[in-house]
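Undergrad: The listed protein sequences correspond, in order, to chains A and B. Take the first sequence: its position 85, counted from the start at 1, is 85 in the numbering used here, and no numbers get skipped. Take the second sequence: its position 41, counted from the start at 1, is 41 in the numbering used here, and no numbers get skipped.
If you're looking for bench data, these hints aren't it; they were derived computationally from the structure. Don't be surprised by glycine CBs; every beta carbon is placed ideally from N, CA and C. One thing to keep in mind: the hints can contain errors.
Sample of chain A residues with no beta-carbon within 12 Å of chain B, all distances over it, derived [what the hints assert, rightly or not]:
hint: 1; residue: MET1
hint: 2; residue: GLU60
hint: 3; residue: ASP74
hint: 4; residue: GLN75
hint: 5; residue: PRO85
hint: 6; residue: PRO92
hint: 7; residue: ASN99
hint: 8; residue: MET102
hint: 9; residue: SER106
hint: 10; residue: GLU119
hint: 11; residue: VAL126
hint: 12; residue: ARG131
hint: 13; residue: ARG150
hint: 14; residue: THR173
Taking CB as the label site, the calculated pair distances span [as the list claims (entries may be wrong)]:
hint: 15; chain 1: A; residue 1: SER24; chain 2: B; residue 2: TYR270; range: 55 to 61 Å
hint: 16; chain 1: B; residue 1: LEU99; chain 2: A; residue 2: GLY40; range: 29 to 35 Å
hint: 17; chain 1: B; residue 1: ARG280; chain 2: A; residue 2: THR95; range: 44 to 50 Å
hint: 18; chain 1: A; residue 1: ALA169; chain 2: B; residue 2: ILE275; range: 37 to 43 Å
hint: 19; chain 1: A; residue 1: GLU60; chain 2: B; residue 2: GLU95; range: 49 to 55 Å
hint: 20; chain 1: B; residue 1: LEU66; chain 2: A; residue 2: ALA169; range: 54 to 60 Å
hint: 21; chain 1: B; residue 1: ALA225; chain 2: A; residue 2: GLU60; range: 49 to 55 Å
hint: 22; chain 1: A; residue 1: ARG182; chain 2: B; residue 2: ALA240; range: 36 to 42 Å
hint: 23; chain 1: A; residue 1: GLN133; chain 2: B; residue 2: ALA240; range: 18 to 24 Å
hint: 24; chain 1: B; residue 1: SER126; chain 2: A; residue 2: THR95; range: 45 to 51 Å
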Amino acid sequence: MALLELDDVRAGYGSGPDILNGVSLQVQESSTSCVIGPNGAGKSTVLKAIMGLVDVRGGEVSVGGERLTGQRPDQVLAHGVCFVPQDRSLFPEMTVRENLSMAGYSLGRRRKAEARIDEALDAFPVLAERRSQRARTLSGGQQQMLALARAWILKPRLLLVDEPSMGLAPQVTKQVFDVIRRFRALGMTVLLVEQNARQGLECSDRGIVLDLGRKRFEGAADSILTHPEVRELYLGKQRERHGNGAAP
Amino acid sequence: MTNAIQIAVLGVLLGGVYALMASGLTMIYGVMQIINLAHGAFMIVAAYVAFFLYRDSGIDPFLSILITAPAFFVAGLIVYTLLFSRLVDSPRFGEMTVLLSFGLALALEGSLGAGFSGIYHRSDVSYSTSTWDIGSIFIPKGQAYGFVACLGLFGLLWAFLNLTRPGYAIRATMQNRGAAQVVGVNVTRISTIAFGIGAALAGAAGSLMSFLFTFHPAAHWQWIALLLSLIVVGGLGSLAGVFVAGIGLAVVAAFATDWLSPTWSYLTFYLALFIVLLVRPQGLFGKAATI
Numbered sequence: 001m002a003l004l005e006l007d008d009v010r011a012g013y014g015s016g017p018d019i020l021n022g023v024s025l026q027v028q029e030s031s032t033s034c035v036i037g038p039n040g041a042g043k044s045t046v047l048k049a050i051m052g053l054v055d056v057r058g059g060e061v062s063v064g065g066e067r068l069t070g071q072r073p074d075q076v077l078a079h080g081v082c083f084v085p086q087d088r089s090l091f092p093e094m095t096v097r098e099n100l101s102m103a104g105y106s107l108g109r110r111r112k113a114e115a116r117i118d119e120a121l122d123a124f125p126v127l128a129e130r131r132s133q134r135a136r137t138l139s140g141g142q143q144q145m146l147a148l149a150r151a152w153i154l155k156p157r158l159l160l161v162d163e164p165s166m167g168l169a170p171q172v173t174k175q176v177f178d179v180i181r182r183f184r185a186l187g188m189t190v191l192l193v194e195q196n197a198r199q200g201l202e203c204s205d206r207g208i209v210l211d212l213g214r215k216r217f218e219g220a221a222d223s224i225l226t227h228p229e230v231r232e233l234y235l236g237k238q239r240e241r242h243g244n245g246a247a248p
Numbered sequence: 001m002t003n004a005i006q007i008a009v010l011g012v013l014l015g016g017v018y019a020l021m022a023s024g025l026t027m028i029y030g031v032m033q034i035i036n037l038a039h040g041a042f043m044i045v046a047a048y049v050a051f052f053l054y055r056d057s058g059i060d061p062f063l064s065i066l067i068t069a070p071a072f073f074v075a076g077l078i079v080y081t082l083l084f085s086r087l088v089d090s091p092r093f094g095e096m097t098v099l100l101s102f103g104l105a106l107a108l109e110g111s112l113g114a115g116f117s118g119i120y121h122r123s124d125v126s127y128s129t130s131t132w133d134i135g136s137i138f139i140p141k142g143q144a145y146g147f148v149a150c151l152g153l154f155g156l157l158w159a160f161l162n163l164t165r166p167g168y169a170i171r172a173t174m175q176n177r178g179a180a181q182v183v184g185v186n187v188t189r190i191s192t193i194a195f196g197i198g199a200a201l202a203g204a205a206g207s208l209m210s211f212l213f214t215f216h217p218a219a220h221w222q223w224i225a226l227l228l229s230l231i232v233v234g235g236l237g238s239l240a241g242v243f244v245a246g247i248g249l250a251v252v253a254a255f256a257t258d259w260l261s262p263t264w265s266y267l268t269f270y271l272a273l274f275i276v277l278l279v280r281p282q283g284l285f286g287k288a289a290t291i
């Protein structure tokens, strides 16, 4: 059963042109899907359109059959959709603990939030050791863990993660993807955007290829990169950009 | 030495009031990135309200804070909802809000001028001219009461921001608006509340202004220039910064007045502004970069 559905979604920023030009896709419940595509394909905009962070100018976004189109981010969050942005969106002057408390903001009841924060600190020992440290003093990998721990507190139905490996060392990237696998093991539905296609698809069930604001291809994650159409799209773009045929 | 202590005491007392005046301005900037040029005009309107409450009803300017602050909170909510919130989606939000607040300041000045002419006002309360004498140091009662009131209001603001749910959301939005949205803060509502609180602080500052300073409808230009320099020196959006900058610069200005001439008093603020912009553009407590 599809948890997330996008039907012919057009979206863009401010008075600028459409970035998404009619994207339709479905994400099945308790699965992980990875959106890949060249730079400027509109991958991050898909997540922002679901979250209500960009203007959806046409089409429909729904989660569990409930319409999300035109709702504010806090209203989308109330439907069980949580977003971990590319920039991690932490509160730099707040401690790790305070950042986690802010994640519990939407839970309302303090006792419930405190219990979830303790749970998250157990699940992320690297953060437990640094609970009194300000977020701005954490390393890139620790900041990404904190962003994911905030999502852990919310226990969302649908987790949206934008470029989790951005700017991280390979060893740290592996740890981040391990955490994403743990989300899935808990039964959450995950929609991932990842520039490193191979790594993103390795922890996903489905792959969705986007180009120029349109869905170009969709298929099983383990076979998508070998599909001739996807290879042509990627390799063609690489040739245009670099003048060689480097693999994605 | 005694003279230096005397000057420092006067500077600190006055600096607390400056810090309160600028606190609302920096909070509004911190949450919404609005440079509210009408902040000084809000203070002047509140000063008129406090002046007439004292003259016609005998309500002490300190007590009038209980009227001006809530009234300006509501006025702030209305002004933000009717005017500023319409610009939120504008690609030129920063410039448009400067123009809008500039227009609002002019409209308020014009209305005050039409109603009360351009003559100077000041509430003549008994304590505004009396002092405590400690040895050879004198402490003006009015300024001391004003300073205590400012500390109290800063304390209330701190408690609100650190101990309440909306306060926590305001702090979060001041640090990272995008992140606040992501964790479920309704930033539109929080912005409205923050604008209301900023206006309420202007209202409270206006009550104090009514007996500490002479004022007239156009006096807000002089004030907004000084307050803008304070919030830049302190670090845009930093309440701690505005407190330190307010007291620090007021002390320096007091020494400049004594050693050079009163003309240098205001120049001190702008010189500090130039120096800070050259040496530490993010201000004393500002962030050079964010995560």
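Undergrad: Hint by hint, note whether the structure agrees.
TA: Hint-by-hint comparison with the structure:
1. MET1: holds, 26 Å
2. GLU60: The claim holds: GLU60/A sits with its nearest Cβ about 21 Å from chain B, beyond 12 Å.
3. ASP74: About 5 Å separates ASP74/A from the closest Cβ of chain B, which leaves it inside 12 Å; violated.
4. GLN75: violated, 8 Å
5. PRO85: About 6 Å separates PRO85/A from the closest Cβ of chain B, which leaves it inside 12 Å; violated.
6. PRO92: For PRO92/A, whose nearest Cβ neighbour in chain B is about 5 Å away, the distance does not exceed 12 Å, so it is violated.
7. ASN99: violated, 9 Å
8. MET102: violated, 5 Å
9. SER106: violated, 3 Å
10. GLU119: Per Cβ check, GLU119/A is outside 12 Å of chain B; nearest 17 Å; holds.
11. VAL126: The assertion about VAL126/A holds, with a minimum of 17 Å to chain B.
12. ARG131: The claim stands: ARG131/A keeps its Cβ more than 12 Å from every Cβ of chain B (closest is about 17 Å).
13. ARG150: violated, 7 Å
14. THR173: Correct as stated: the minimum Cβ-Cβ distance to chain B is 18 Å, above 12 Å.
15. SER24/A <-> TYR270/B: 55 to 61 Å: Given a distance of about 58 Å, which is inside 55 to 61 Å, the answer is holds.
16. LEU99/B <-> GLY40/A: 29 to 35 Å: For LEU99/B and GLY40/A the Cβ distance comes to about 34 Å; the hint holds.
17. ARG280/B <-> THR95/A: 44 to 50 Å: At 25 Å between Cβs, range violated.
18. ALA169/A <-> ILE275/B: 37 to 43 Å: For ALA169/A and ILE275/B the Cβ distance comes to about 41 Å; the hint holds.
19. GLU60/A <-> GLU95/B: 49 to 55 Å: Roughly 35 Å apart at Cβ, these two residues miss the hinted range, so it is violated.
20. LEU66/B <-> ALA169/A: 54 to 60 Å: holds, 58 Å
21. ALA225/B <-> GLU60/A: 49 to 55 Å: holds, 51 Å
22. ARG182/A <-> ALA240/B: 36 to 42 Å: holds, 39 Å
23. GLN133/A <-> ALA240/B: 18 to 24 Å: holds, 20 Å
24. SER126/B <-> THR95/A: 45 to 51 Å: holds, 48 Å
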